[in-house]
Every structure is written in structure tokens, then in C-alpha cells.
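FYI, the numbering for the sequence shown is 1 to 474, going by my numbering.
Don't read these hints as lab results, they were simulated from the structure.
Predicted model only: the values in this text are computed from it and were never measured.
Mixed in with the good hints there might be a few duds.
[Said to hold, decoys possible] Cβ-Cβ distance ranges computed for the label pairs, FRET-style:
#1 ARG202 - ALA310: 28 to 36 Å
#2 THR416 - GLY176: 45 to 53 Å
#3 ASP395 - PRO156: 18 to 26 Å
#4 GLY171 - HIS97: 16 to 24 Å
#5 THR416 - ASP165: 30 to 38 Å
#6 TYR163 - VAL462: 45 to 53 Å
Ideal placement from N, C-alpha and C gives every residue a C-beta, glycine not left out.
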Amino acid sequence: MKLLRLLPLALPALFPSGSAAVEKPNFVIINLDDSGYGDFSCNGARGYRTPAIDSLAAHGMRFTNFLAAQPVSGASRAGLLTGCYPNRIGLSGAPGHHDIRGIADSEVTLAEMLRDAGYRTAVFGKWHLGDAIRYLPLQNGFDEFYGLPYSNDMWPFHPQKPYPDLPTIEGNSIVGFNTDQSRLTTDYTERAVSFMRANAGRPFLLYVAHSMPHVPLAVSDRFKGKSDAGLYGDVMMELDWSVGEIASAAAALGISDNTYIIIMSDNGPWLRYGNHAGSTGGLREAKQATFEGGSRVPCIVYCPAKVPAAVCSRLASNIDIFPTLAELADAPLPMHDIDGVSIVPLLENPDTESPRRFFTYYYRKNDLEAVTDGRFKLIFPHTYNSNEGCLQGRDGQPGDIREGRVETTELYDLRTDPGERYNIAGSRPYEQAALEAEAERMRAILGDDLTGRKGSGRRLPVVSKESLTYPEKR
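Let the hints inform the model, and build the full structure from the sequences given.
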């Protein structure tokens, strides 16, 4: 069905008009798992250095107000690859083993859009958009896939909730179970570099979705014990090595000036794992909460011939990557509604007004918990999993989550108070009213379970368990 719907869009790429086709840029997206805003040394990390990432930040654009679609893995990745708020497409939370949820046939992924514009596409790493065959990457626009179908802790050795065996998948087949996780960062990196070498003569999309630094942490022998921050620091150093290998490959192949390298994280760190967790850089709360510690993530865009070296403080989100790459590749957007906006103007001039006027912080199935205009943030009453109030674990053992609650509406000036510590609700009536109006607009479109509103613009897939088939071992 997707092939029939997208074939007309592919024809211009197959038969370009004019005497010569315009050279399209390459895209490399490096998505870390549970890496906090403060986990790069250019953002203040301590006990280790990330020189490769820091170099790309110094010579590219470093975003300081960049938000994940939701503060949890599966939903965040759904937003990145579809340009939609995850609740619009019915993909909240984090799909697990043989979950009925996944990326619906009716959605157009970033890979489908770019492949139909003439791109070669690959994903190496964590998928987390469903483990049934119809949900896997090869059925959703990617030419190659190697990695895990979901988080690396969804395996029999989870300290609190043992799962079935964790498959490693290549293409549509299982090639092993419970793979030695100290291999993962190296395996993903080597496959990424090989893909770049094989496709240097044509436009490509490479999505490297690292399993680290999500717990359980694992690192190869070459980085074990190398940091002054324990195993977490070792893992971050290896991830930095991976970024360096990919950037060096682009330079060696002579394609750096036409390759956008985008580095980000899917959500904030999971602080309940103590010394096996990252840093929010002083932001409030962390993963699984819509405060800035869970939602604001590092983001760097590097393309030396096209993106100036700068720091951009304008509002942007990972759901904006989809329309941004569409514009850069001159690829048509889907016919259905998406929520992302192209931030190409920011990549050209970081001081220009952001194309994104607001961002709404949805979580759980469809809770609208907060809204921001980039400076002011309005938070509505809701309960949440408190990382700051939890009992901290150590050495990979999780602490107990405690429930937190926002009792009354809170307003924060994120320019002077990014840690959301000083509630100024009622003191800025004009700004607060504008944020409340945006929240009402989004409730009319997507609904809000906190208020009982249904909304009219959600696309909820209907899939039966009986219709799903799963990969088998090769």
C-alpha cells in the first residue's frame, strides 16, 4: 500500500528534468539513547571528554533549546521519523516484545520520503517502532537494517522485570539472541562506515541509533576504565569515538561539504540508575517526565560548507528534522498533516526567528502536560514519575521511582530559569494567556486525556494481534 501511494512521488527522482540533476545532500543522523543535555563535554560533562562531538559542535551549529517529541524512547523515535507528535499517530510510550503497537502502514517515514527522492537508506542500531515484520525498517523505507528491535534492557537479565530473549535482527531475520552488548557500539559504527563507503557516489540517509548509554551499560575493552567517571564515562567516550569515525569517513570520502551530520539524543537521562546514568546539566527531572530534564536534549548539526559555526538558542524539536531534510533534499512532504516545521532558516542564520512558534509537551497516551513558546513554559496539573525524588540506584541497579505531582498551573521563564525552579504563574498574564490559547488549539486537534478532550486530528491505527507475524531465526 505504501509503495502504491508513494510511487508518483518517486518518478521525478528516477527521471530528473533538465540536462543535469542537482546534487542532493547526504544525511547522517546519530541518535544516542538516554544521553542527557549535560553529557557532552561542550555542554559541561565532567570526568571524561567528547573531543569528536565537541569539534563538530565548534565547527557546526549547537542547539541549546532542542526538544524531544516525548521523554521516552519509542515515542521520541516515532516523532523523529514521521515529523509528528507521537500521540497523533497513536504511538506513545515504548513498544516492547510482541507489542501490538508499531509504525502504521498509513504513515510516511523519513526513510520512505528520501528513498523515493533517490536516496539509499540504512539504519544501524535500536529501532523501537514495533518488532512485528510489518513494523520493521525494511517495510518502512530502509534498505538495510542491523540492530535491536527495542531497548537493550528488554532482555532476560533485567533486574526488576525479566523479558524474553532479546533478538538481534539483520534485515527481517533474527541473527542471534542476547548479543554481547560490549560489541554494539563498534558493530553499529563499522556498519555505518561501510555503508558510507559503498554509497559515497549517491545521496544517502544513514541513521545510527546507538543502544548506549541506555542501561545496561556495556563498553568494548579499548575504552573500559578510560574515563574518570566510571562505566558511564567510558561508554560516552566510545560513543564519541563512533562519531569521530563517521565524521572522519565523510572527510576521507570527500563528501563532508555535502553531508549533514546531526547528533542528538532521544530523551533525557534516567537518573534513577545513579552512577550508571547521565546528566541533565542542571535541568529539572529527567526521562519519563515533561520537565526540561526529560525533554531538552543535546543537538548538533554539522555541514561545514552549508551550516555556520554558531550556537542557536531558538526553539526546535526532533519532529522538525523530517520537514527540514525534506526541504534540503527537495523531497515532497506527505499529503497528511505533520507537526514538524522546517528549521532550514535557522541552519542558515541561527539568529533569525524560529519557524517553530510553540511546542506542546504530550506524554502517556495523550496527556497535554505543558506548552512553551521557547521562552515561557506553562505546565498544567498532572502526576509524573519523579527522578529527583526517587531512591538512587548504583552499579546498574535501579532505584525506586516515586510519584510527583504538579498541583496547580506553573509558569517558568526558561531564559532566566531553565531549571524550572521559580514559578511565576500570574505574573505574566499576556504570555500565559497566549500559551493557554495554544494549548486549547492543540486540544481541538489532538485532544487531551487530562481534560477529557478527544480532538479531531489523531490517526489511530487499528491492528489485530492475529495480523502480526514476527521475524524468525536465520
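**Request:** Compare the structure with the hints numbered earlier in the document and write down the numbers of the violated ones, lowest to highest.
**Result:** Hints 5 and 6 contradicted; others consistent.
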